[in-house]
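The lines below spell out each chain.
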Amino acid sequence: MEIYPLLTISHIIGTVLGVGGATFAEFLYIRAIKDGEVDAEEKIVLGTTYRIIRIGLFLSVISGFGFLLLFRFTGVEERLLDPKLWAKMSIVIILAFNAILLTMHKIPFWLGSSLSLTSWYAALILGSWRPYPYTFMETIIVYVMAVFIVAYILHFIRSRFLKKS
Amino acid sequence: MSNVFATMLVTHVVVGIIGVSATYALLMAILKKKPSLWFMKLSALIAFLSYLVSWGFGGYYYVLRYGSEVKPIINAGDYPWAHGIFMESKEHLFLFIPVLIFVSLLILWTHGHEVIANKDLKRALAFLIFITFLLALFVTLSGIIVSGGAG
Chain A
1 MEIYPLLTIS HIIGTVLGVG GATFAEFLYI RAIKDGEVDA EEKIVLGTTY RIIRIGLFLS
61 VISGFGFLLL FRFTGVEERL LDPKLWAKMS IVIILAFNAI LLTMHKIPFW LGSSLSLTSW
121 YAALILGSWR PYPYTFMETI IVYVMAVFIV AYILHFIRSR FLKKS
Chain B
166 MSNVFATMLV THVVVGIIGV SATYALLMAI LKKKPSLWFM KLSALIAFLS YLVSWGFGGY
226 YYVLRYGSEV KPIINAGDYP WAHGIFMESK EHLFLFIPVL IFVSLLILWT HGHEVIANKD
286 LKRALAFLIF ITFLLALFVT LSGIIVSGGA G
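Heads up: the protein sequence lines correspond to chains A and B, in order.
Numbering-wise, the first sequence is residues 1 to 165 according to my numbering.
Numbering-wise, the second sequence is residues 166 to 316 according to my numbering.
What the hints contain is simulated information worked out from the structure, not anything from laboratory work.
Some clues are possibly wrong.
List time: in silico DSBU-like cross-link candidates among lysine-lysine, alpha-carbon distance up to 35 Å [unchecked claim]:
no. : chain 1 : residue 1 : chain 2 : residue 2
1   : A       : Lys-106   : B       : Lys-206
2   : B       : Lys-255   : A       : Lys-34
3   : A       : Lys-106   : B       : Lys-255
Reference listing, derived: stretches of chain B covered by chain A, where coverage requires no fewer than 3 residues with Cβ under 8 Å from a Cβ of chain A [stated by the list, open to error]:
no. : segment
4   : 172-180
5   : 213-223
6   : 250-260
The beta carbon of each residue, even a glycine, is placed where N, CA and C say it ideally should be.
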């Protein structure tokens with residue numbers, strides 16, 4: 001099998017696990033806190049979901065670097081300095097640091113969960129959008145705005161769901 | 166590029182990423198309220214061995230190819246700072262990484278239970294691992310910039 005399809009498949013699987021996992025983590029968390037506390041069984045389910053997300057992150061990163069090596073070897077090194085690529089990498093780095101801060105409880109949950117969800121979807125969108133017409137700063141500005149919009153939407157969903165139950 | 170150098174570069178990058186990932190996994194593990202000692206030991210060991218292998222393969226490529234064939238291209242191109250700032254930084258900063266992770270590995274393997282039991286010790290080791298991760302991340306990103314400037 002040629003390397004490009006292998007890298008693409010790996011990268012997609014990683015993204016699917018990450019995006020899907022992050023999405024399910026949100027819904028599972030809302031269900032878990034419906035009764036006011038996260039019990040032992042719910043903790044196990046959430047923990048498993050977070051593990052899947054980390055596997056997705058690792059797979060995405062490793063295959064992502066596979067693509068970077070491919071660019072290096074096929075004479076398109078300029079793609080390594082592409083603003084879209086750096087925006088995507090910056091978002092993935094933010095995602096990694098966000099996980100650290102969430103583990104340490106040094107970031108409010110509403111912001112941390114929004115950062116996680118928005119970052120995964122942003123990486124997905126950036127990876128799929130070709131050709132991409134925006135600069136690095138434009139992308140980051142929209143990303144930051146999206147984090148707060150998603151935070152508000154999640155807050156709205158949580159409050160509506162918890163109010164009904 | 167010959168197959169030998171291509172293999173060196175691929176191994177350097179892929180194994181280096183495994184090292185960075187293992188360092189991140191170690192950091193996440195030690196930050197937990199109840200860290201798993203066997204997981205931390207394994208992550209530290211994988212990180213250390215990965216950095217050694219990445220160092221070896223990268224060093225071979227650097228000595229035999231980078232200086233004579235890649236560096237002149239970067240310096241003559243549109244991004245000479247890719248070498249001047251990022252490769253130069255990488256050359257010096259990377260040396261800290263295997264040493265720092267080795268210290269973490271040694272502490273975990275010889276005093277792992279004390280680290281878990283003692284909050285201050287755990288916090289100090291977590292900080293050390295965090296610094297190691299930051300350095301490894303910077304070296305990784307610098308590598309991308311250097312390769313980008315080699316076009």
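We went through each hint and held it up to the structure:
no., hint, in the structure
1, Lys-106/A x Lys-206/B, "holds (25 Å)"
2, Lys-255/B x Lys-34/A, "violated (50 Å)"
3, Lys-106/A x Lys-255/B, "holds (30 Å)"
4, 172-180, "holds (count 4)"
5, 213-223, "violated (count 0)"
6, 250-260, "violated (count 0)"
Checked against the numbered hints given earlier, this structure breaks hints 2, 5, 6; the rest are met.
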